[in-house]
Amino acid sequence: MTERFEIPARLRNTSLALIAVGVLVLILGGVTMLGGHDHHDKTRFWLVLLQNSVFFLLLSVASVFIQAAASLAQGGWIVAYKRVPEAIGANVWVFGLIAGAILIFIATGFSVDGHNTIYHWVHPEGDRILEGKKAFLNKEMFIGFTIVTIALWSFFGRKFRALSLAQENAPKNSTKVYWTMFKWSAGFLLVYALTQMSTTPWLWIMSIDAHWYSTMFSWYTFASAFVSGMSVILLFVVFLKNNGNLELVTKEHIHDLGKFMFAFSVFWTYVWFAQYMLIWYSNIPEETTYFKMRQHGPYSLIWYSVFIINFIMPILILMARPSKRNYFTVTFMAMVIIFGHWLDFYIMTMPGPLGKHWHLGWYELGIFMGFAGLLIFVVSNTLTKSSLVPGNHPLLKEAMLHQS
Amino acid sequence: MAIKKFAVACYDDEEVLFPAVKQVRNSGYKLHDVYTPFPVHGLDGALGLKETDLHVAGFIYGITGTSTAVGFMSWIFCSDWPINFGGKPHWSLPAFIPITFELTVLFAAVGMVLTFCYLNQIMPGVKKHVFHPRQTDDLFVVALEINDHTNEAEVINFLKSTGAVETSVQVAESEWWFGRWDKKEAYELA
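Just so you know, the protein sequences line up as chains A and B, in that order.
If you use the working numbering, the first sequence corresponds to residues 1 to 404, in order.
If you use the working numbering, the second sequence corresponds to residues 405 to 594, in order.
I should point out that these hints are in silico values taken from the structure, not numbers from a laboratory.
Residues of chain A placed beyond 12 Å of chain B at every Cβ, according to the derived structure: (1) Ala20; (2) His39; (3) Trp362; (4) Gly373; (5) Asn392.
Below, a list of computed lysine to aspartate or glutamate pairs in the EDC-like style, where the Cα atoms sit at most 20 Å apart: (6) A:Lys385 with A:Glu168; (7) A:Lys251 with B:Glu455; (8) A:Lys241 with A:Glu3; (9) A:Lys259 with B:Glu455; (10) B:Lys564 with B:Asp416; (11) A:Lys385 with A:Glu6; (12) A:Lys251 with A:Glu3; (13) A:Lys259 with B:Asp457; (14) B:Lys492 with A:Glu286; (15) B:Lys408 with B:Glu579; (16) A:Lys172 with A:Glu398; (17) B:Lys454 with A:Glu252; (18) B:Lys409 with B:Glu570; (19) B:Lys532 with B:Asp437; (20) B:Lys409 with B:Glu549; (21) A:Lys251 with B:Asp448; (22) B:Lys492 with A:Glu287; (23) B:Lys454 with B:Asp437; (24) A:Lys397 with B:Glu419; (25) B:Lys426 with B:Asp448; (26) B:Lys564 with B:Asp542; (27) A:Lys385 with A:Glu3; (28) B:Lys426 with B:Glu455; (29) A:Lys139 with A:Asp127.
Keep in mind that this is a model prediction, so the values were computed, not measured.
Glycine included, every Cβ here is placed at the ideal spot set by N, Cα and C.
Please construct the entire structure, taking both the sequences and the accompanying hints into account.
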């Protein structure tokens with residue numbers, strides 16, 4: 001049966017090899033960086049873990065968001081490959097646990113010579129700006145928000161999957177579960193709006209540069225995470241399609257996923273530029289330092305590459321209709337976009353604590369590979385657990401007939 | 405601009421229209437056009453219409469808008485009337501971006517609307533022959549191009565066999581022409 005997915009040996013071995021690389025690099029990094037005497041290396045060790053775990057967590061939550069959005073909009077086209085975002089969403093808890101542990105450790109236990117070099121707001125004493133932000137930026141708030149956010153995301157991810165499986169076992173033509181899902185989706189959007197789209201990125205990422213703030217920041221992070229999340233979904237869909245599964249998925253669905261990648265690349269640029277332009281225009285020193293470091297400082301190469309990879313490439317390559325319908329172009333662009341937004345997260349996190357002592361080497365890429373391997377491993381495991389066709393779904397026929 | 409002869413068939417249901425269009429295309433008669441009161445999903449595919457290059461035109465209009473905006477602003481702020489704004493360089497690209505974006509959208513949108521009207525031969529101040537006054541109300545009208553050698557009775561019988569509720573043979577201008585609808589004409593049509 002092609003409705004069932006069995007993990008091909010090659011995929012399993014690749015994912016395990018990637019995880020092994022990640023663990024090896026982590027141990028090696030721990031020995032050389034934490035055991036060494038360089039302050040920056042100790043910071044770098046944890047900062048890279050923070051960047052990657054948060055990136056993969058937000059990217060997997062984007063799958064929960066697209067399910068909720070599609071459910072509320074009653075979009076039929078997504079039903080053809082619904083199991084993929086579901087499987088990613090059901091594994092939010094894995095990345096949630098990792099990211100939560102790393103974040104809480106950095107906020108509470110991490111210090112280099114008595115200074116928390118990543119979240120320096122944990123010791124606001126003597127700093128008037130940080131003391132003013134103390135009501136929001138403090139350890140208790142951080143830990144509480146982190147736990148609640150991650151718990152809610154994980155819960156909704158698993159809930160959506162459970163509801164979808166319940167739909168499959170429901171009596172024929174019953175729409176009861178469908179409308180239950182509708183209500184839960186509305187609930188998730190509320191949660192998502194109050195976490196990912198507003199507060200959570202302030203605490204996790206923006207507070208690394210605690211003196212600086214931007215009201216666009218969470219939207220910008222959301223755009224980054226969402227476009228990479230859609231790219232990950234596309235990669236899984238194309239893989240399953242090549243593997244002989246997902247017969248229902250046609251070029252029309254691939255085209256629509258490509259449209260999402262294209263549109264949200266442009267959206268990311270819009271938010272990214274809106275944030276940049278206002279600060280550039282008003283030219284207030286305490287705000288411009290953030291971009292001074294990134295655009296003109298030691299990070300300018302990465303800063304401009306992020307712009308080229310995340311805007312120029314998608315807009316030129318994905319604009320034409322045939323390229324969104326071509327499996328090779330969309331797969332290639334999905335990988336490019338994921339890497340580009342990983343770099344974007346890199347430039348969100350690194351410059352504050354590391355300054356000009358940044359590296360983009362074996363440790364950064366190794367940890368990225370480890371997380372990618374983990375994502376492939378857990379998601380493909382979940383995919384095997386049920387039929388890939390969401391049987392009994394009211395919009396299944398619409399999904400089959402979908403024309404983009 | 406040519407006067408031609410048409411065999412016209414009217415259908416009152418979308419579900420009859422699709423098989424009828426298929427039969428007409430298979431029969432070998434020359435299909436002139438199909439007129440519907442609302443956009444019918446999938447009809448372009450059934451008619452075998454090729455995708456137009458409207459989006460390529462849109463891209464060109466957009467690029468024109470981009471270069472107009474950047475060029476015009478660069479000329480104003482760098483050579484025609486340079487002003488010092490808060491110590492920023494005269495050629496400040498970030499400040500140009502919003503206007504560039506707007507002009508790109510404006511050029512692309514207006515250009516595409518006009519091109520769309522041209523391709524569909526609709527525009528204020530031009531006329532086009534109306535095969536059946538109810539084609540904008542509740543009838544789906546299929547027009548076949550025929551000539552003096554065509555056996556009219558055979559065509560009409562064939563159209564009736566496909567489910568047409570009304571048929572006629574008309575001699576009419578096939579393209580658009582300049583002119584305005586006057587009230588008298590409109591009454592006659594209705």
